[in-house]
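Q: What follows is each chain in one-letter form.
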Amino acid sequence: MTETLYIVFITIIKTAIYFGILLLHVAYATYAERKIIAHIQLRLGPMVVGSHGLLQPIADVVKLLFKEDIIPSNVDKRIFTIAPLISLTAALSTFAVIPVSEEWVISDLNVGILYVFGVAGIGTYGIIFAGWSSNSKYAFLGGLRSAAQMISYEVALAMSLVGVILMAESFSLVEIVNKKMEYSYGMFLFPQILGYFVFIVAMLAETNRVPFDLPEAETELVAGYFVEYSGIRFSMFYLAEYLAMFCMSALAAICFWGGWTVPPFLLEIFPFLSIVPGVVWFLLKVYFHMFLFFWLRGTLPRYRYDQLMAIGWKVLLPIALVNIVITSLIKYYL
Amino acid sequence: MNPETTKELLINMGPQHPATHGVLRLILEVEGEQIKKCTPYIGYLHRGIEKLSEDLTYIQALPLTDRLDYLSSLINNVGFCLAVEKLMGIEVPERAKFIRTMMAEMARICSHLLWIATHALDIGAMTVFLYAMRDRERLLELFEMVTGARLTVSYPRIGGVRCDVSNEFLNELYQFTEEFPKKVEEYETLIDRNRVWLKRTKGIGVISAEEAINWGLTGPTLRGSGVYYDVRKIFPYDAYDKVDFEVPIGKNGDIYDRYKCRMLEFRQSVKIIRQCIEKLPEGAILAEEAPEIRLLTSPLKINKDDLQFEIYMEDKKIEDFIKKFTEVYVSVEASRGELGFYIVCDDSPKPYRMRVRAPSFVHAAVLKRLCEGAFIADVIANIGSVDIVLGECDR
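Sequence order for the protein chains is A and B. Following this note's numbering, the numbering of the first sequence begins with 1 at its first residue and continues without gaps. Following this note's numbering, the numbering of the second sequence begins with 1 at its first residue and continues without gaps.
Worth flagging that the hints you see were computed from the coordinates, not collected in a lab. Please note: incorrect hints may appear among the correct ones.
Distance condition first, Cα-Cα at most 20 Å in a straight line; then the derived SDA-like pairs of lysine to any residue [stated by the list, open to error]:
{"hint": "1", "chain 1": "A", "residue 1": "137", "chain 2": "B", "residue 2": "8"}
{"hint": "2", "chain 1": "B", "residue 1": "271", "chain 2": "B", "residue 2": "181"}
{"hint": "3", "chain 1": "B", "residue 1": "199", "chain 2": "A", "residue 2": "306"}
{"hint": "4", "chain 1": "B", "residue 1": "7", "chain 2": "B", "residue 2": "30"}
{"hint": "5", "chain 1": "A", "residue 1": "137", "chain 2": "B", "residue 2": "11"}
{"hint": "6", "chain 1": "B", "residue 1": "7", "chain 2": "A", "residue 2": "144"}
{"hint": "7", "chain 1": "A", "residue 1": "14", "chain 2": "A", "residue 2": "92"}
{"hint": "8", "chain 1": "B", "residue 1": "183", "chain 2": "B", "residue 2": "194"}
{"hint": "9", "chain 1": "B", "residue 1": "233", "chain 2": "B", "residue 2": "357"}
{"hint": "10", "chain 1": "B", "residue 1": "199", "chain 2": "A", "residue 2": "309"}
{"hint": "11", "chain 1": "A", "residue 1": "137", "chain 2": "B", "residue 2": "15"}
{"hint": "12", "chain 1": "A", "residue 1": "137", "chain 2": "B", "residue 2": "6"}
{"hint": "13", "chain 1": "A", "residue 1": "137", "chain 2": "B", "residue 2": "5"}
{"hint": "14", "chain 1": "B", "residue 1": "182", "chain 2": "A", "residue 2": "40"}
{"hint": "15", "chain 1": "B", "residue 1": "199", "chain 2": "A", "residue 2": "315"}
{"hint": "16", "chain 1": "A", "residue 1": "314", "chain 2": "B", "residue 2": "195"}
{"hint": "17", "chain 1": "B", "residue 1": "183", "chain 2": "A", "residue 2": "298"}
{"hint": "18", "chain 1": "A", "residue 1": "179", "chain 2": "A", "residue 2": "193"}
{"hint": "19", "chain 1": "B", "residue 1": "7", "chain 2": "A", "residue 2": "132"}
{"hint": "20", "chain 1": "B", "residue 1": "182", "chain 2": "A", "residue 2": "41"}
{"hint": "21", "chain 1": "B", "residue 1": "350", "chain 2": "B", "residue 2": "289"}
{"hint": "22", "chain 1": "A", "residue 1": "137", "chain 2": "B", "residue 2": "30"}
{"hint": "23", "chain 1": "A", "residue 1": "137", "chain 2": "B", "residue 2": "34"}
{"hint": "24", "chain 1": "B", "residue 1": "183", "chain 2": "B", "residue 2": "133"}
{"hint": "25", "chain 1": "B", "residue 1": "183", "chain 2": "A", "residue 2": "39"}
{"hint": "26", "chain 1": "A", "residue 1": "63", "chain 2": "A", "residue 2": "30"}
{"hint": "27", "chain 1": "B", "residue 1": "183", "chain 2": "A", "residue 2": "40"}
{"hint": "28", "chain 1": "A", "residue 1": "314", "chain 2": "B", "residue 2": "198"}
{"hint": "29", "chain 1": "A", "residue 1": "137", "chain 2": "B", "residue 2": "39"}
{"hint": "30", "chain 1": "A", "residue 1": "179", "chain 2": "A", "residue 2": "266"}
{"hint": "31", "chain 1": "A", "residue 1": "137", "chain 2": "B", "residue 2": "37"}
One chain only, chain B, in its complex shape (with noise of 0.2 Å):
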């Protein structure tokens, strides 16, 4: 065939694929069904939230960080939180660390749900969707329970966590760590031991531990390549130094593997849920020097110069504190991977910069090594095994 006369297929994947997530955008150069070249594109659920935050002051950007992993908004609220008290110095209470890393795990468990439900249905298998969004949404209804919120909850706050958990949100939510596992072993019978699945991942999309680590992976797509890092265990946060866990982790870094890890995590999540709700110790859950946040008595009647007059007392506070700092980096293991917050501050009650590491970026970046010389189908299985999320990416 005279080469001149031939050339590969462009394909443009995305951004209204419905199997990318969001609106990720792939350009796949095909010959035939194998894949010769992938570029990803990012950038289309871009919302500025770094650059939003720098306007406003540290409380009031704590509701942006809710859109930027918004499957689990709150492990991106402690991550946050956890900068802003170190920025501050502010020692937060033990029940309030405790109650961080229970409602941290439930979140960890939601955005696995969802991952399992949409991973499981871009390969194929269309009943596991719906068998994970029942578990799901009984969490989604505790985490209503204590926040009146489903997804964007804003939970903790600098220094603590905004409302306390009542004995009835904790006897349910051991009640659903009972009887959780067993639904894990649920979608482990629909898909671990079906053949069609095990060829469609065994062997697929496989990146070396070395590799992983160039690249700059998290989280539980570095622990499939047989990493044994993990933010929870490497540089413990919150409650984690006080809680019995493992980290699992896969030996063949392929799909999975990877899968593996986090079906292997639901279980561990579970553990860590029962230790803190076994181990909740009484006392406060807002630090004392935590900064206020005062509430209008009628949100109806609110008066301009009044409201200034607010937030201005509450600046008034902060700036003391961050007179003694300039920058600060903390990074929390979210569902995803390790989520940091780099934080730049100068005199003024604002953040000069503030920086995500969003593992979902980096990830999004690895699946073109990933999909190269690949088929088309496999495109699919591993967007769904590296797990991103594009509000966390594009930011």
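The shape of chain A in the complex, shown without the other chains (with noise of 0.2 Å):
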């Protein structure tokens, strides 16, 4: 009994410090996403609050705390305040089993990778939800579109991820990342690089960013499913985007750059790299993937509709597909 509860205990200090500092990193990225797009395009972004507008992030979280919570008068009252809060949630629960390092990790489910997709793809309903019951044109198209959108390109994600698992032998998060280290090259980056391509374009198409943020086209639809939205609910809707963008970076990051290891062979080249502990490692891959969506987001138009279907059923499904086989045909002869 007395260990049961200590496991209970240890969990909820775990769960918060890990949260903690998710949403903490969360906030920050809104402002890394602020300046790196500013600087790209020859601006400063926010320079007002704190030195070099540091503290941005926390004056946007108090004004969105204490703005008025509007509901409009003609939506489905329920499933309007609910829709956010799934979003959220889903959002928020796919890490618990995302690992930091070796120890750091809420639970280490042996179908991790399942769990994630499992969870991520609930968050599709919020969306769903937030359009219908917005009552709005704009919003309704929105939300359908994101719907069509995150549920054609979960298949291509889900797909690009089978040559990894084949090569692990495992669902486990950690397991992946252990397995990685039995070869010398220490990512599975480079035997799965068809993989990684349709991850990426996958995990941009997913979390609703550019050049696949249909749902919130903010020149079309103006800013899609959330449109009626203000105040905390608005916030929301933009943690659980944040949320998954962290979310996608971080399975780039442990089933394609080895998370929290360093490759073998970078570390008989320079032996002192293994003095930095491996948060700091897995921090700075999840890290490049952000750069990656902002950088894109600075750099590239929109696809249309018609045409991001097109791409994810014609073109990375095939290639995800094509890297199974190759993958399957390896690992049986060898």
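Each chain sits in its own coordinate frame; assemble them with the hints.
A: If you want it as structure tokens, here you go:
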């Protein structure tokens, strides 16, 4: 009995610390995005609140919290209020299985990858509900778009990871990283370059980011599914989007870049690298992918809806399938 | 599915939509993402410029024309001045002609820069927007150097231009023409070699040459369909017959070709500006017979009777001229297409009727043809590619 209580207690503390750090990261991801895009576009970005606008995310959060909570009169109130909660809960729950280092994981599920996809898929409901219950045509179209987009890209996303799963012979995220160390290159990026390519494109679509930001296409649907939301409910959607970005970056870091480990061949050349703690490596890899999101947003135009669907089903899925076949053949014969 | 229970979704796009470039309103009937019917509604920016000018003398009506196409206001001024000059039979001095041509091309670059900025932003390329704004800012500063205004310049006068250009300005402008082609290449590297951009623009919003003529399209929107028509070449005005330039034309009449036409026009405009600077003759900037505007010595102490007297004196002068003519139509190549001024005059110093043939008005109508059968995202791309300014459309 005491042992169970102890485990529960430790898990709660772990969760609190983990999520605290995570939410801080999300807040500063918005700051990083604004700054990076500003510098790409010859602007300065936030500069007023704090030195170089460093306190801007905090000011934003305070503003959003104290804003009046507006619920338009003709919306379906129950679904309207529950939709952002679904999105946020789903996005937060994915992090339960994502390991930061070998010891730093809330729960090392043996079906970690499946869990991430399953829970992230629930987040789509939040978006569909938001679009439907808002009783607005723009939100409705945004909701429909995102439903179609997220469902079809989830297929490609999952398929792109099958190669990694085959090589690691495990669904557990910790196990995937540990398995890598058996290979001298220490990253699944090199043998799974096709899978990585598909994963990167699909992760952009899955998180509704440029060039696949159709559900919230600023110039077409004004803001898409959350056009009727304001204040704290709006920020929940925003939070969910950034959490999804972090989740995808973490998945990319773990599955393709070796998580918290350093490739063995690098360690041989630079032995001093072993001093750097695993968390730092992991965060660096995550930050790189976050930067990728921002970088693309500053550079690329937006695809059209039918083109997006064509890419998902006609290009990415076949590539991912070819990748699976090749990996299985090599795995079987070698 | 029972046809009685299904119907198209009606979407009201605008007049406050961020991508309709002003206050255009489109009623879209969509089935899924596809547009079944598109009806443009205009008139949200109607300020009665044509009617207002009937109550003003010819000189007083000039600043109103700034407010037509406020992105290239100088070309509107030139068009109006040309019409009144033809009416009064005033011959503009050579130097003024070259200055007008030079400044009109600056206005064209300005307007096209704003077009590429918003067009790219509509399709999703955010960065081009700020790059184009950076270069537009330089041009606006150059405008400010000469005219004192950045946007609504009211620079040309009936019979010439308001003030002379300085050597300092010419140097700065020449420097700009040397640097600008590189900037255009910069935009092209960002969007023209981008697969996403090509996918969004090639083969979309196609209009054939014949159809384009029938719809009355002009300017780059018509030339994108492969029709060689440019007022500057066919009916040269100002100094356009003395400078060497080409008119870029497209082939397929899709969004990409219209885009390409405008991008090539950037280079031609730079070429014209350079030649104008090199060939700029010395001499007067205002014709001798031009109607005078007398400035009161102190604008703070205006005696109402004095004011009326001044304008009355001025009017008398014009009256002598206009007895000879009854109506006139002059068109110029504005950055969006053929901008025409049709003026009917009676024996008063004010126009009896002024009618503006605005390219944006015609182009707003063609949206109906371009958008039907396309996707919602294409509507935005189409609005960008026909490049309408609602100030000119609604007048």
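Q: Now tell me if each hint is right for this structure.
A: To see whether the hints hold, each was checked on the structure:
1. A distance of roughly 12 Å separates the Cα atoms of residue 137 (chain A) and residue 8 (chain B); the hinted pair therefore holds under the 20 Å criterion.
2. A threshold of 20 Å between alpha carbons decides the hint, and for residue 271 (chain B) with residue 181 (chain B) the separation of about 10 Å falls inside it, so the pair holds.
3. For the suggested pair residue 199 (chain B) and residue 306 (chain A), the alpha carbons sit about 11 Å apart, so the restraint of at most 20 Å is met.
4. With a C-alpha separation of about 9 Å, the suggested pair residue 7 (chain B) and residue 30 (chain B) falls inside the 20 Å cut-off, and the hint holds.
5. In summary, the hint linking residue 137 (chain A) to residue 11 (chain B) is supported, as the alpha carbons are separated by about 7 Å, within the 20 Å threshold.
6. In summary, the hint linking residue 7 (chain B) to residue 144 (chain A) is supported, as the alpha carbons are separated by about 17 Å, within the 20 Å threshold.
7. Only pairs whose Cα atoms come within 20 Å are accepted, and residue 14 (chain A) paired with residue 92 (chain A) is accepted, the gap being roughly 14 Å.
8. For the hint pairing residue 183 (chain B) with residue 194 (chain B), the CA-to-CA distance comes to about 17 Å; that is within 20 Å, so the pair holds.
9. For the suggested pair residue 233 (chain B) and residue 357 (chain B), the alpha carbons sit about 19 Å apart, so the restraint of at most 20 Å is met.
10. Of the pairs offered as hints, the one joining residue 199 (chain B) and residue 309 (chain A) holds, with about 13 Å between alpha carbons and a cut-off of 20 Å not exceeded.
11. Distance restraint check for residue 137 (chain A) and residue 15 (chain B): the Cα-Cα separation of roughly 16 Å lies within the 20 Å cut-off, and the hinted pair is therefore satisfied.
12. A C-alpha spacing of about 16 Å is found between residue 137 (chain A) and residue 6 (chain B), which places the hinted pair at or below 20 Å, so the restraint holds.
13. The suggested pairing of residue 137 (chain A) with residue 5 (chain B) holds, with an alpha-carbon distance near 18 Å, which does not exceed 20 Å.
14. Straight-line distance between C-alpha atoms of residue 182 (chain B) and residue 40 (chain A) comes to about 18 Å, which keeps the hinted pair within the 20 Å bound.
15. Between the alpha carbons of residue 199 (chain B) and residue 315 (chain A) the distance comes to roughly 15 Å, so the proposed pair stays at or under 20 Å and holds.
16. Of the pairs offered as hints, the one joining residue 314 (chain A) and residue 195 (chain B) holds, with about 17 Å between alpha carbons and a cut-off of 20 Å not exceeded.
17. At most 20 Å may separate the alpha-carbon atoms for a hinted pair to count; residue 183 (chain B) and residue 298 (chain A) meet this at roughly 18 Å.
18. For the given pair, residue 179 (chain A) sits about 17 Å from residue 193 (chain A) by alpha-carbon distance, which is consistent with the 20 Å threshold.
19. Using a Cα cut-off of 20 Å, the hinted pair residue 7 (chain B) and residue 132 (chain A) holds, with the two alpha carbons roughly 17 Å apart.
20. Taking the CA atoms of residue 182 (chain B) and residue 41 (chain A), the gap is near 17 Å; set against the 20 Å cutoff, the hint holds.
21. With a CA separation close to 18 Å, the supplied pair residue 350 (chain B) and residue 289 (chain B) stays within the 20 Å bound.
22. Pair hint residue 137 (chain A) plus residue 30 (chain B) holds up; C-alpha atoms about 11 Å apart against a cutoff of 20 Å.
23. The suggested pairing of residue 137 (chain A) with residue 34 (chain B) holds, with an alpha-carbon distance near 14 Å, which does not exceed 20 Å.
24. In summary, the hint linking residue 183 (chain B) to residue 133 (chain B) is supported, as the alpha carbons are separated by about 11 Å, within the 20 Å threshold.
25. Distance restraint check for residue 183 (chain B) and residue 39 (chain A): the Cα-Cα separation of roughly 18 Å lies within the 20 Å cut-off, and the hinted pair is therefore satisfied.
26. With a CA separation close to 15 Å, the supplied pair residue 63 (chain A) and residue 30 (chain A) stays within the 20 Å bound.
27. The straight-line distance between the Cα atoms of residue 183 (chain B) and residue 40 (chain A) is roughly 15 Å, inside the 20 Å bound, and the hint therefore holds.
28. The straight-line distance between the Cα atoms of residue 314 (chain A) and residue 198 (chain B) is roughly 19 Å, inside the 20 Å bound, and the hint therefore holds.
29. In summary, the hint linking residue 137 (chain A) to residue 39 (chain B) is supported, as the alpha carbons are separated by about 17 Å, within the 20 Å threshold.
30. Distance hint between residue 179 (chain A) and residue 266 (chain A) is fulfilled; the C-alpha atoms sit about 17 Å from each other, no more than 20 Å.
31. About 16 Å separates the Cα atoms of residue 137 (chain A) and residue 37 (chain B), which keeps this hinted pair within 20 Å; it holds.
The structure meets every hint from the earlier list without exception.
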